[in-house]
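Peer 1: Sequence:
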Amino acid sequence: MSSESLENTKASIRTNFRPSGPSVRPSVRRPSASSAVRPVRPRTNWLVRFVREEVFDFGSQNLTQAKEQHLKQQFCGQFQEVFTLCVNILEKCPSNSMVQATLKTLQRFLTWIPVGYVFETNITDLLSDNFLSLEVYRVITLQCLTEISQIQVETNDPSYNEKLVKMFCSTMRHISSVLTLDIDLAAVYKDASDQDQKFISSLAQFLVAFIKEHVDLIEVLDEPMTEMKILIRESHDYAIQLLLKITLIEEMEVFKVCLDCWCWLTSQLYRISPFVQPSSLYGMMSQVREHPRRQLYREYLSVLRSTMICRMAKPEEVLIVENDQGEVVREMVKDTDSIALYRNMRETLVYLTHLDNKDTEMKMTEKLASQVNGGEFSWKNLNRLCWAVGSISGTMIEEDEKRFLVLVIRDLLGLCEQKRGKDNKAVIASNIMYVVGQYPRFLRAHWKFLKTVINKLFEFMHETHEGVQDMACDTFIKIAIKCKRHFVIVQPAENKPFVEEMLENLTGIICDLSHAQVHVFYEAVGHIISAQIDGKMQEQLITQLMEIPNRTWGDIIAAASSNDVVLEEPEMVRSVLNILKTNVAACKSIGSAFVSQLGNIYNDLLSLYKILSEKVSRAVTTIGEEALKNPLVKTMRAVKREILILLSTFISKNNDHTLILESIVPPLFDAVLFDYQKNVPQAREPKVLSLLSILVTQLGSLLCPQVPSILGAVFQCSVDMINKDMEAFPEHRTNFFELVLSLVQECFPVFMEMPADDLRTVIDAVVWAFQHTMRNVAEIGLDILKELLARVREQDDAIAQPFYKRYYIDLLKHVLAVACDSSQVHVAGLTYYAEVLCALFRAPEFSIKVPLNDANPSQSNIDFIYEHIGGNFQAHFANMNQDQIRIIIKGFFSFNTEIVSMRNHLRDFLIQIKEHNGEDTSDLYLEEREAEIQQAQQRKRDVPGILKPDEVEDEDMR
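full-length UniProt numbering numbers the first residue of the sequence shown as 1 and each following residue consecutively.
These are calculated hints, taken from the structure and not from any lab test. Possibly wrong hints are sitting among the right ones.
Derived DEER-like restraints, expressed as beta-carbon distance ranges [claimed, not checked]:
id, residue 1, residue 2, range
1, Ala-875, Asp-656, 50 to 60 Å
2, Lys-212, Glu-398, 33 to 43 Å
3, Thr-552, Glu-398, 27 to 37 Å
4, Ala-728, Asp-534, 43 to 53 Å
5, Ala-798, Asp-656, 33 to 43 Å
As the structure is a computational prediction, the values presented were derived from the model and not from experiment. A virtual CB, placed ideally from N, CA and C, is assigned to each residue, including glycine.
Given only the sequences and the hints, what does the whole structure look like? Please build it.
Peer 2: Here it is as structure tokens:
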């Protein structure tokens, strides 16, 4: 909708309705009784609808947010005519269609009009008193009241609060005449009409909006009880009970609205006095001293606990589900909605447990008893109960947790023995595995129980029902990480560490597992072996663990040594790939001690890499790049990739620099670097670049003599792959710039010794990096530039000044081009650019001594930069005058030691550009919003039990 169209709309309103009084008032008056509605003309209905649909739903496709907001503000300046019209219609008009249209129009207004129109008029009374009792208006009226409830009132005017309270009480009074508390709302909703379901949904949204914004106005906590306080208390009690009933409705979107409120409210109640509620005498004393707000909600929260337990969503760890046909199957695709719902429900239940752990425990044990005695047994009921049990891990003190968990696991194991049928056993097994995986603290404190659980997991590893083996392996690795030290020591009443017993029976344990499951198992055992502090014993355990894959590896290498044609057999290559993945899994968790295993296979690994490289190259030479799509060639490349991953994993975890430099690097470079350089771009392995980056980071300056060889092999050929556009070869692109960053950080002197043309190529690559629209690449590019400028500043003038002379102005020009591009600066974020700009504008003030202006060497560098940037800005930003540009450049110099001030200065500059272009500026505040979110997340993380057990670092994980 154009500005002209908007003006025509306002003119039409004034012509047709001409209400008396000024059109704009800072404090909105209530329409007087004398401003009665004129006889309704035929155009009135059309006009109200037009205002609603055109003025407030216009242009999202055609206008920027800033322009749209500008037009709305323009209309708001003369809004009183429209508002008066709406109020008069609501007070006097007998036409249902007209009232309905007016309410819909009002609902759109309420999101943005000045609050005076809401709280200094009779509109809240009109809505809550006159229209809720009429079914035809009920839904739209609730939507209007919801909008009013969400208005942020920045005033201490008590009359506003009185309006809100009166509106709430009146609304609850009218709703209670329709929905009494003895109604089974969940059953009613299921059979209700669409309109009635929409009414209940709108009611939920109103309750949640009002409670979250204004709950302090309706919580009556003090005595004495006046008549008004009694009314407010009754309205509040009715609202909470009604919301509890709505929470039981099966409709997921309605439930999510309610859950949002409960999560917020329980968090608020917890934070009144955060504590992990203890048991026994102190627990009773704490109840005596309980805060009045907690007392107010105690009974309601007890009901809410039952609801949360009965409706608990499926955690991400649970892989066994009941499908629509009632069959127990493995979940093939992660249900992201269910995972998000579980996290919110888990958070709510954690707060509920902190508020009264005894009540939570009692409700769970009662429901478990009903499962065991068969009274309420069903897969759904058992699943939800166990998911709830697992979700409160970490909320109880250890003594309470022990008593509670022993009871739960004992009953679940008994139920597993009691029930017949594979489906029943699969469901119960999945719940046992989930619950025990959530309580590592308990398992660490009770070895016999831990051993029983692990043996039960080994038993489940032979269960062929879909999903059971996956869950058994996943649970095993979680427990192994959290309890690893307990497996490598001799426990009381045992004659050897359990890990030895496990490895002696290794074949029998893993014989029914898939390759992927075996890899998880090996990683789990690797965590256990890493806890063994005796080096010789640790080496023996690694030898035992790798005996099975090493036997097969030896056979394959022997066969390939006789005739490498065997490596063209698909099954043989797949077997090699599986063995390598097994090694990677073990190395990942064992760490540097894996050197004993790597030493056994290292030379064979590199020989295999060379052989497969030759076979891939031969295939490409013979039939062209189409060969890379051949399944066998793809598997060969996967083997090469896995070799690189294995070596990267080992090197990243090993601090024996001499070993790496003397024994690993020479044969590795011989096998890998030339192969990367000579291959066609599509056949180059990006993992080569990440492996080199890891080597540089680990060895630092020790690798400087090798840097020319590295750059000679991978630099130019990689640049040629990625400099055509900003999208092709994304993994090569990221890994390449990470390699450059690590070289600048660790081997900087090598760059200063480069020929000028080669260094120019490096600088051009850095500029290319931060110009990217891929966020990670742009950030790496800016990190490289920051590091480069910092290291140059530390050099002697003989090195630093020629660098500044040759590259400074170009770098400044390119950084400003991106930083002042409002469509690109948000890619990496303002702070990144502020840090780089500080370094760039600090340099001419403190570091650069050589004249930068060849045409006028006597001119100061600062004056030259002022002129240079000023000319560019005048050419590109025609909306700015010379004074504005001068202040902007002066700010760049003035704030060159203050990153926050530089960021704010840059943002102010970009806002001027965006507002002139009519663009939205909200993306310039993303960093602040992200920081607020991180702070909120950190506050949550401080609540015991909010983090899942595998997210908490404890002693056994170090």
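Peer 1: Are any of the numbered hints broken by this structure? If so, which, sorted upward?
Peer 2: Hint 3 is the one this structure does not satisfy, whereas the remaining hints hold.
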